[in-house]
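Q: Residue numbers (my numbering), protein chains in the order written: chain V, 1 to 333; chain P, 1001 to 1206.
The set of hints was computed from the structure by calculation and includes no laboratory data. A portion of the hints provided could be inaccurate.
[To be verified] Covered stretches of chain P (in silico footprint by chain V; criterion: 3 or more residues with CB under 8 Å from a CB of chain V, positions within the stretch not fixed):
#, region
1, 1035 to 1043
2, 1179 to 1192
[As the list claims (entries may be wrong)] List of simulated lysine-lysine pairs, DSSO-like, C-alpha gap at most 27 Å:
#, chain 1, residue 1, chain 2, residue 2
3, P, Lys1092, V, Lys171
4, V, Lys275, V, Lys261
5, P, Lys1191, V, Lys205
6, P, Lys1191, V, Lys116
7, V, Lys33, P, Lys1127
8, V, Lys147, P, Lys1004
9, P, Lys1193, V, Lys205
10, P, Lys1123, V, Lys33
[As the list claims (entries may be wrong)] From the derived model, a few chain P residues whose C-beta atoms are all more than 10 Å from chain V:
#, residue
11, Lys1004
12, Asn1018
13, Arg1061
14, Gly1070
15, Asn1079
16, Cys1091
17, Pro1099
18, Leu1195
19, Ile1201
Built from N, CA and C at the ideal position, the CB exists for glycine as well.
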Amino acid sequence: MEEFLEEVLRRTLEKWGYQEIKVPILGNLELWKDNNVVKIISGGEVLALRPEITSLIIEKVNYVNIPLRLYYIGPIFRLEKEKEITERYQIGWELICPYEEWRDMEILAIFFDIFKNLKINSFIIEINNTEIWDEVFKEFNENIVEKIRKFIIKKDFVGLFDYLSLINVDKKIIKDIRSIIFYPKEEINNNKIKDMIENMIEFRKKLTDIEIDIEKIKISPSLLRPFNYYKGLIFQVYLKDLKNSLGGGGSYIQYNKKGDKIFGIGFAFEEEKIKNLFEYIDDRKIFLGDPKNYKNYFKLMKKEREKNNKVVFIPYRENLNIENLKGEIIILE
Amino acid sequence: MNFKIAIPTGRLLNDSWNFLRKIDRSLPEISKISRKLIWEGEIFKIFLVKPFDIPTYVEERITDLGIVGGDVIKEKESNIVTLKKLNFGNCKMVIASHPQWKLEENKVKVSTKYPNIVEKYLKNIWKGFDIEIVKLNGSIELAPLAEISDCIVDLVETGNTLRENNLVIKEILFETSACLIANEVSFVWNKEKILELIFLIENLEE
């Protein structure tokens, strides 16, 4: 099943012109200013097991005015609840080039294409723009912003409002924050935030031009993603059949190893989360017959392979459950 | 609206049930509920669950929503949406001990039901002290009396149990109340309905 999933992902991404990139598993701790990183101490140097892959890609790439389309499949490591180390397989794709609307649209369109090919239809993509929270954060110093960010990422709104009242935040700012969290039910009074939401509504409408079902796109001004490199559009995916978020991504500005500014946008999710949800479509031909006659079937199978068809031989047994076989079954004499 | 909601058995049961009944009048009165663990009204399907299991029920999406004390949320650190403080179950998380006890030696033994909270708060306020945590499941007040530990970290509502056992509050770590929590996928898929519920609760509270 995992092989099928990866095959669909690779096939879809390669159709869009994306090429696979491989990056190291260890990175500089400074890349991830986050508590959930697994640290490795090696010869006095502290390194981190990658909790995501985008930062390592950005470090490696050079941008020469032509959009770079990259994808990756590999393990990531996180420290859960401050003590458990988890390893998960992450799949992602990055479009590296400066911001233009088509760039953000393409990243979302690929997600829809992959999920169409996997026959997964029940999902919601929440979108937001980091500028909304930046508008609120400009009122606070760096330490307070970091604390507020943590509450929002954790979706601990009770903790957030307790903290805001503890540090005596102005009522007007608390009202702005409340209107962001309880959007669309609470009225937004801050005009700048209102304009930013209007821009997102316009962007969402434009997605119909590239055949995206915008009923699946919801504007969520409260959304924030972990990692500080996001700047601009961000998104998070929720599948109806999962108990937590599938993954997400967004637009970023970061520096590569040479110190050049790299602009891009990416999307990533964990493979394990969908492995029981997609419809497994196998286009193999299954030749089912008596193993004693294998040499007779061999020529038939060879002909099929010459036509570029996938063919497998399964020996017939009395207790064989044919319903478990995926593909077109050809019963041989 | 139609929500699966987990509510705690124990000290928050009556308040939680009566609170939900204000919204869903089809639910029976609290005095008429039996030992059944699942109750279905027109708006809520209620699961009666041990308080410390509620974040797990919500995180695992067995229920969309839950009502649980802020103390349990802080202790469990589950991946949930903490939506709103409710107007009941007000308590304090405190350090308590004998009136004469002072933090003097380098080593201190703390009994608690909340090892993660002790780890998080006490290691911060008692920097440099060697803190040994003794995890107990109930009657925490007994620990200093039976000399199991020097002090306790526990939730206090009225302070009567502490007083009756000649213990006093040494420090308040935080104040807490019952909270409404949600599963993150349920929250996104039912956002409008859940926000409507929050606004309805706020109207009832006014």
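Q: Next, verify each hint and record whether it holds.
A: Quick rundown of the hints versus the structure:
1. 1035 to 1043: Coverage by chain V is violated here, the residue count being 0 at a Cβ distance below 8 Å.
2. 1179 to 1192: It holds, with 9 qualifying residues against the three required.
3. Lys1092(P) to Lys171(V): holds (26 Å)
4. Lys275(V) to Lys261(V): violated (36 Å)
5. Lys1191(P) to Lys205(V): This hinted pair holds, its Cα atoms lying about 20 Å apart.
6. Lys1191(P) to Lys116(V): Measuring from Cα to Cα gives roughly 25 Å; hence the hint holds.
7. Lys33(V) to Lys1127(P): Holds, because 24 Å separates the two Cα atoms, which is no more than 27 Å.
8. Lys147(V) to Lys1004(P): violated (32 Å)
9. Lys1193(P) to Lys205(V): holds (24 Å)
10. Lys1123(P) to Lys33(V): Judged against 27 Å, a Cα distance of about 22 Å means the pair holds.
11. Lys1004: Since the minimum Cβ distance to chain V is about 13 Å, lysine 1004(P) lies beyond 10 Å and the statement holds.
12. Asn1018: Given a closest Cβ separation of 21 Å, the condition holds.
13. Arg1061: With a cut-off of 10 Å, arginine 1061(P) comes too close to chain V, as the shortest Cβ separation is near 4 Å.
14. Gly1070: violated (7 Å)
15. Asn1079: At about 6 Å from chain V, asparagine 1079(P) fails to clear the 10 Å cut-off, so the statement is violated.
16. Cys1091: Fine: 14 Å to the nearest Cβ keeps cysteine 1091(P) off the interface.
17. Pro1099: Holds: least Cβ distance 29 Å, greater than 10 Å.
18. Leu1195: Nearest chain V Cβ is 4 Å from leucine 1195(P), so the label is violated.
19. Ile1201: Isoleucine 1201(P) is indeed farther than 10 Å from all Cβ atoms of chain V, at 12 Å.
Checked against the numbered hints listed earlier, the structure breaks hints 1, 4, 8, 13, 14, 15 and 18; every other hint is satisfied.
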